[in-house]
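There are 2 protein chains.
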Amino acid sequence: MRTATYEIGVKNLTKRVAIIGAGPSGMAQLRAFELAQADGRPIPDIVCFEKQADWGGQWNYSWRTGLDQHGEPVHSSMYRNLWSNGPKEALEFADYSFDEHFGRPISSYPPREVLWDYIDGRVQRSDVKKYVRFNTVVRWVEQDSETGMFTVTSEDLEAHRTIVETFDDIIVSTGHFSFPNLPDLAGLDTFPGRLCHAHDFRGAEALEGQDVLLVGSSYSAEDIGVQAHKMGARSVTISYRTAPMGYDWPAGIEEVPIVERFEGSTAHFVDGTSRRFDAVILCTGYLHKYPFLPDDLALDSRNCVYPANLYQGVVWQDNPHVFYLGAQDQWFTFNMFDAQAWFVRDVIDGTLQLPAADERQRDIDAWLERFNAIASPADEIRFQADYIRDLINATDYPMFDLDEVVEIFLAWKHDKQDDILGYRDRTYRSVITGTIAQTHHTSWLRELDDSLTRYLSTPDPEQDGVDQAPLASA
Amino acid sequence: MRTATYEIGVKNLTKRVAIIGAGPSGMAQLRAFELAQADGRPIPDIVCFEKQADWGGQWNYSWRTGLDQHGEPVHSSMYRNLWSNGPKEALEFADYSFDEHFGRPISSYPPREVLWDYIDGRVQRSDVKKYVRFNTVVRWVEQDSETGMFTVTSEDLEAHRTIVETFDDIIVSTGHFSFPNLPDLAGLDTFPGRLCHAHDFRGAEALEGQDVLLVGSSYSAEDIGVQAHKMGARSVTISYRTAPMGYDWPAGIEEVPIVERFEGSTAHFVDGTSRRFDAVILCTGYLHKYPFLPDDLALDSRNCVYPANLYQGVVWQDNPHVFYLGAQDQWFTFNMFDAQAWFVRDVIDGTLQLPAADERQRDIDAWLERFNAIASPADEIRFQADYIRDLINATDYPMFDLDEVVEIFLAWKHDKQDDILGYRDRTYRSVITGTIAQTHHTSWLRELDDSLTRYLSTPDPEQDGVDQAPLASA
Chain A
293 MRTATYEIGV KNLTKRVAII GAGPSGMAQL RAFELAQADG RPIPDIVCFE
343 KQADWGGQWN YSWRTGLDQH GEPVHSSMYR NLWSNGPKEA LEFADYSFDE
393 HFGRPISSYP PREVLWDYID GRVQRSDVKK YVRFNTVVRW VEQDSETGMF
443 TVTSEDLEAH RTIVETFDDI IVSTGHFSFP NLPDLAGLDT FPGRLCHAHD
493 FRGAEALEGQ DVLLVGSSYS AEDIGVQAHK MGARSVTISY RTAPMGYDWP
543 AGIEEVPIVE RFEGSTAHFV DGTSRRFDAV ILCTGYLHKY PFLPDDLALD
593 SRNCVYPANL YQGVVWQDNP HVFYLGAQDQ WFTFNMFDAQ AWFVRDVIDG
643 TLQLPAADER QRDIDAWLER FNAIASPADE IRFQADYIRD LINATDYPMF
693 DLDEVVEIFL AWKHDKQDDI LGYRDRTYRS VITGTIAQTH HTSWLRELDD
743 SLTRYLSTPD PEQDGVDQAP LASA
Chain B
293 MRTATYEIGV KNLTKRVAII GAGPSGMAQL RAFELAQADG RPIPDIVCFE
343 KQADWGGQWN YSWRTGLDQH GEPVHSSMYR NLWSNGPKEA LEFADYSFDE
393 HFGRPISSYP PREVLWDYID GRVQRSDVKK YVRFNTVVRW VEQDSETGMF
443 TVTSEDLEAH RTIVETFDDI IVSTGHFSFP NLPDLAGLDT FPGRLCHAHD
493 FRGAEALEGQ DVLLVGSSYS AEDIGVQAHK MGARSVTISY RTAPMGYDWP
543 AGIEEVPIVE RFEGSTAHFV DGTSRRFDAV ILCTGYLHKY PFLPDDLALD
593 SRNCVYPANL YQGVVWQDNP HVFYLGAQDQ WFTFNMFDAQ AWFVRDVIDG
643 TLQLPAADER QRDIDAWLER FNAIASPADE IRFQADYIRD LINATDYPMF
693 DLDEVVEIFL AWKHDKQDDI LGYRDRTYRS VITGTIAQTH HTSWLRELDD
743 SLTRYLSTPD PEQDGVDQAP LASA
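Note that the protein sequences, when read in sequence, are chains A and B.
Letter by letter, the first sequence follows residues 293 to 766 in my numbering.
Letter by letter, the second sequence follows residues 293 to 766 in my numbering.
Don't read these hints as lab results, they were simulated from the structure.
Hints may contain errors.
It does not matter which identical chain is meant; a pair holds if it fits inside one copy or across any two.
[Said to hold, decoys possible] Here are the simulated SDA-like cross-link-like pairs (lysine to any residue), alpha carbons at most 25 Å apart as the crow flies:
(1) K422 x L327
(2) K307 x D671
(3) K522 x R486
(4) K522 x E555
(5) K522 x G479
(6) K421 x D650
(7) K522 x D711
(8) K705 x A665
Assemble the whole structure, with the sequences as input and the hints as a guide.
Right, here's the structure in full:
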């Protein structure tokens, strides 16, 4: 077994690093190494394993559900109709603006294909794609107790070939919105209608004319609810366990307490009411699941902004050669992954020296204490902004106005309270470029074509049925 | 690492054997060892790994699709409405008859729950369940090149615990009807209706009033087609690639050539016709997939009655400490798994001495030659009967009238040609007990309650709407 050598400042840094997953986090990691190399810094040998045929993680759309063409769990929970549910100004890369990518202002809430194009665009301009082994799934990661090296066993899904290699460091960037949390609900096995988890939801068109029950009260239920309404569902009922989301829902959407049991097509709720449904979609969240990791390396957490056992949110405390990207619940997304990836890069190449384990633990504990004191969503957003600020301060990732992004999040929450069907028509100012987003040519509620082509087009209001958003900018 | 010891005839046979999967094949293997032990023969240490919460494999029903409560691929392709699509007389255990289990004659085509009860019943009477680790998935199997021992890494899915153990022999009994084959069809990503593979089909009730397209022309398409028809689909269109099944379909079911492309809800067929559909179910078969095995141990085959590289259909030619059960396409099922399990047991405990590799290869080649000459389904059924006869002759599994079972299969095929909606009302004579099956109290087409309770009940014809099958017994 080869021995790890690790010589800072030497061009041939002979470390080998495995990045598992080429979604937005893994792509951020590739970008981080790319920029270091452009600066003349030595970078390790990199292999990025990606089971999908392309990078982009969740931002790829596939009609497949459950298992993919290779019999692997489908990664993406994406649906055809998805548009960003938060303003793009809150996720913009600090080193690659929307203006730079699109060459002109766009709206604040782009559809999926537009966001995929943006994250693809940043890394397409270099040759980092060469590091990615597509259609390759990591089967098992094991650490040699003597050398400390990791043996990574992967499978080339097209060639049906097993590959065994050793690495010095492992970066887990597979995300945690891919493995559905599927609680059992009494009698659900008798429900004869359409039944799936939000992970397998691919579009709301087929819900037209149907009575739809969504179980859950977070983003999936909120967005699938309004999508179903937009596409003509006869009724949308959202069943919450703890508290309703409480938006000013339009007629046709309502929130009710949790289901107690199903009897065939009928759901009985804990408040004693019952109703018949054509379709049930379980919007019951996702699992942290890393089937390729032994239990001592696998993060096991509920979805929260500070999973325990990760120093600076990224370094596995029990084994600082294992890193996680994007393991947090996310207000900030792409720009947080960047800050994390820059930090991980600097730890791996020795630019940053990790403190000793007990000092790391004190840092974790201090953050956990603050985490446990979070009392409101606004607190949580500020918590995450401060976390990112710490990471950026430690690296050369360009600092951006995190406080202003917090304000954007708070305005966004207000907009949703104000108009859950219209908030996507509002616009924000970029903290990176100062550009004010363009009011889109068609309001979200009336736009039935989610494509990049349509989005970037300039439809003729007379001919193309453009519906200018009537709402004021934020 | 412990060294394998292997002393024939000594009570404490210190071999360790891993059985991966506790479906009908794995259960047959447990039964085989159980009977050997009852005969005073030494048996190895056995660990049977089962990722489901109960044994029975495909014969378990779950409302879940895609991924299960632990985020693992759902094993079973079972739907609520499934009744056996072949006569039970063709799959009856030679050592445990339906008469023995139910205490009275039953019909020839029982629903799922009845068949689950039967296979469960045989092994419930002993204590072999103690060998099964439920909710435990095998992650990776690796052979030590020096000792020849296998390291099996598994995960206790409830405790989130990784377990690493060594074994002398590996028995792969995970089946090959669990990982859907999902070809891409042009434009399928634009189809807005309900879309899934047969693996994720859970019942036809929600297809009432719908125009349904089934892609494929084998058992899945045939049975989901008649189920959809039974449950009131407005139309069922079955699209074949090579040749139609050609049954005498009732009005409402028809076969058409393969789809060329989808445009939204419209399927365009290669014959130039097109039609709008509400739902598409891909009945496009399954993959041989063993994600826990390195490529040199993983069977890679199309679905056929003689996958290459398996001596006697069960011994992995390149490594005769690896065994496969039920890897064949199946006319015979439970009784074939038994014959295989008895054979594997006898190889493992040394009762049978394996010939040398070249002799095994000559045997494989001889069977392959005959396999390649198969010209008709009848040939194929006789091929499989002869294969099973060879296995039984080598072991103490009770011989049964394989030729008569071939006749049952041929009659069954004739019955289906004769009446695709009524064949399940016909009855056969058991080759094990001589019992003639009972004509069921309700014809399959009219029976909407698929439960064991209803099946075993004696409904009052006046009160319970019993519909005596009008068809003659075979």
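Evaluated hints:
{"no.": "1", "hint": "K422 x L327", "in the structure": "within (15 Å within a copy, 57 Å between copies)"}
{"no.": "2", "hint": "K307 x D671", "in the structure": "neither (40 Å within a copy, 59 Å between copies)"}
{"no.": "3", "hint": "K522 x R486", "in the structure": "both (19 Å within a copy, 18 Å between copies)"}
{"no.": "4", "hint": "K522 x E555", "in the structure": "between (28 Å within a copy, 21 Å between copies)"}
{"no.": "5", "hint": "K522 x G479", "in the structure": "between (30 Å within a copy, 23 Å between copies)"}
{"no.": "6", "hint": "K421 x D650", "in the structure": "neither (38 Å within a copy, 46 Å between copies)"}
{"no.": "7", "hint": "K522 x D711", "in the structure": "within (14 Å within a copy, 46 Å between copies)"}
{"no.": "8", "hint": "K705 x A665", "in the structure": "within (21 Å within a copy, 70 Å between copies)"}
Hints 2 and 6 from the list above are not met by this structure, while the remaining hints are.
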